[in-house]
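Chemist: Next come the chains, spelled out residue by residue.
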Amino acid sequence: MHTPGGPGGGIGVDGRGGLLPPLQLSPEIVECRSTGACNYSSRVELAGELIYMSTRDEINARIEEGRLFRLKPLNEKDIKRRTVLMSQEINQLVTGAWLDGPMGARCARLRGDLENLITAEDITVCWEPFKGRTEQIGRLAPVQDEVWDLRSQEKPGLRVFFRFAEKDVFVALTCAPRSVSVSWLSRLPLLDRHSREWREAIVECRTQWRQLSPAHRPITGSSADEYLTGAAILH
Amino acid sequence: MSTLQERQFFTELAAGHLGPPIPEAKRVYFQTRLRNRIFNFILGRFLREQKNGLTKAALARRIGKSPEVINRWLGSPSNLTADSISDLLLGICAEELTPQSETLLNQQPQNWIHADWIKEQEPPPPKKTFQPLAALRSNRKAFQLEMR
Chain A
145 MHTPGGPGGG IGVDGRGGLL PPLQLSPEIV ECRSTGACNY SSRVELAGEL
195 IYMSTRDEIN ARIEEGRLFR LKPLNEKDIK RRTVLMSQEI NQLVTGAWLD
245 GPMGARCARL RGDLENLITA EDITVCWEPF KGRTEQIGRL APVQDEVWDL
295 RSQEKPGLRV FFRFAEKDVF VALTCAPRSV SVSWLSRLPL LDRHSREWRE
345 AIVECRTQWR QLSPAHRPIT GSSADEYLTG AAILH
Chain B
190 MSTLQERQFF TELAAGHLGP PIPEAKRVYF QTRLRNRIFN FILGRFLREQ
240 KNGLTKAALA RRIGKSPEVI NRWLGSPSNL TADSISDLLL GICAEELTPQ
290 SETLLNQQPQ NWIHADWIKE QEPPPPKKTF QPLAALRSNR KAFQLEMR
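Residue numbers (this note's numbering), protein chains in the order written: chain A, 145 to 379; chain B, 190 to 337.
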């Protein structure tokens with residue numbers, strides 16, 4: 145796992161996605177990056193002063209602001225192996241009380257699928273984009289965007305787009321119907337895998353991430369195990 | 190400690206045999222949960238047996254299905270049926286499911302939580318209710334009477 149600039153390389157990313165010039169990092173931060181500890185720090189300019197804000201600090205700040213929400217399984221006995229954080233959009237969909245009718249039922253199903261990311265021992269992963277369609281989650285092309293989707297396959301099929309803030313920490317940002325329009329979702333169906341809607345959904349996921357976490361990129365890795373515990377690749 | 194949302198979620202379930210109908214969305218949530226849990230169980234068995242040399246092709250041959258069907262069944266929970274669950278367990282590990290259930294009520298939460306560095310969400314502040322002028326006046330009158 146690594147962040148842009150690599151371990152100890154003092155290059156940060158500014159709020160507009162541009163690179164900041166190199167700077168001297170404190171030994172603690174250099175060590176944190178080189179050891180692969182997840183609590184990466186980046187430079188953030190606040191009121192004219194440069195401060196270090198870790199990914200974790202940033203996530204907690206967004207939670208305090210009510211812009212990110214932690215999904216808690218409704219059954220308290222469930223073992224929590226991973227964490228799902230949600231944008232306001234996803235939170236509104238999966239937080240009851242659900243209305244009677246197709247929307248309520250579908251959102252309840254979506255919640256079940258999202259909770260499964262937290263509790264399941266193993267999760268099937270489509271590691272190579274386009275190679276498998278039936279897995280529970282998949283890495284999307286282009287892989288350098290670090291955008292993934294959860295396939296909630298019951299009809300109408302839904303896709304939740306997410307990124308990893310750190311290993312086993314999913315940040316679910318947007319949701320779109322897979323093949324048919326859904327009246328309670330504003331987005332168009334994604335349809336064919338090379339469609340404009342797919343591309344736009346990935347771009348929107350990146351945009352929402354930037355709004356929530358301007359100073360940090362999602363994690364990157366060379367194998368599924370670097371993103372989540374219990375990744376099962378069957379293809 | 191359970192949150193208000195969690196307690197409310199189980200209200201109808203706790204109401205007993207003469208309680209209100211259980212809303213469709215809640216039933217669907219538990220349907221999804223059951224399917225995911227059975228899928229996780231079967232997937233775990235397959236991964237275990239894979240380490241002992243089982244392949245998808247061998248499994249497909251054993252239960253008379255095509256490799257594509259095995260891919261679909263082991264790919265995601267939505268493709269499972271009672272019959273496919275039985276076939277998979279037989280073919281993977283010569284096992285069958287043993288029915289067992291447990292109450293959803295009065296659960297003891299797990300103490301351990303993943304990513305415990307994440308702060309607890311603050312509950313939304315209580316909404317200030319508008320108190321009409323007449324009510325304020327009557328409150329004041331009652332206070333004056335009490336003081337006398």
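Be careful, since some hints might not be right.
[To be verified] BS3-like mimics (lysine-lysine), calculated; alpha carbons at most 30 Å apart, straight line:
#  : chain 1 : residue 1 : chain 2 : residue 2
1  : A       : K221      : A       : K275
2  : A       : K216      : A       : K311
3  : A       : K311      : B       : K240
4  : B       : K254      : A       : K311
5  : B       : K254      : A       : K299
6  : A       : K224      : B       : K240
7  : A       : K299      : A       : K224
8  : A       : K221      : A       : K311
9  : B       : K245      : A       : K216
10 : B       : K240      : A       : K275
11 : B       : K308      : A       : K275
12 : A       : K299      : B       : K245
13 : B       : K308      : A       : K224
14 : A       : K216      : B       : K254
15 : B       : K308      : A       : K216
16 : B       : K254      : A       : K221
None of these hints come from the bench; they were simulated from the model.
Chemist: It remains to establish, for every hint, whether it holds in the given structure.
Modeler: Checked hints:
Straight-line distance between C-alpha atoms of K221 of chain A and K275 of chain A comes to about 35 Å, which puts the hinted pair past the 30 Å bound. Between the alpha carbons of K216 of chain A and K311 of chain A the distance comes to roughly 18 Å, so the proposed pair stays at or under 30 Å and holds. Our distance criterion of 30 Å between C-alpha atoms is met by K311 of chain A and K240 of chain B, whose separation comes to about 25 Å. For the hint linking K254 of chain B to K311 of chain A, the alpha-carbon distance of about 36 Å lies beyond 30 Å, and the restraint is violated.
With a C-alpha separation of about 25 Å, the suggested pair K254 of chain B and K299 of chain A falls inside the 30 Å cut-off, and the hint holds. Only pairs whose Cα atoms come within 30 Å are accepted, and K224 of chain A paired with K240 of chain B is accepted, the gap being roughly 25 Å. Taking the CA atoms of K299 of chain A and K224 of chain A, the gap is near 27 Å; set against the 30 Å cutoff, the hint holds. Taking the CA atoms of K221 of chain A and K311 of chain A, the gap is about 23 Å. The hint holds against a cut of 30 Å.
Among the hinted pairs, K245 of chain B with K216 of chain A is inconsistent with the structure: their alpha-carbon atoms are about 34 Å apart, more than 30 Å. The hinted pair formed by K240 of chain B and K275 of chain A meets the criterion: a straight-line CA distance of about 23 Å does not exceed 30 Å. Between K308 of chain B and K275 of chain A the CA atoms are separated by roughly 38 Å; this puts the pair beyond 30 Å, and the hint is violated. For a cut-off of 30 Å, the pair hint linking K299 of chain A to K245 of chain B stands: about 27 Å separates their Cα positions.
For the hint pairing K308 of chain B with K224 of chain A, the CA-to-CA distance comes to about 16 Å; that is within 30 Å, so the pair holds. Pair hint K216 of chain A plus K254 of chain B does not hold up; C-alpha atoms about 38 Å apart against a cutoff of 30 Å. Simply put, K308 of chain B and K216 of chain A have alpha-carbon atoms about 13 Å apart, close enough for the 30 Å limit, and the pair holds. This hinted pair does not check out: K254 of chain B and K221 of chain A have alpha carbons roughly 37 Å apart, beyond 30 Å.
Comparing the model with each earlier hint shows violations of hints 1, 4, 9, 11, 14, 16; every other hint is respected.
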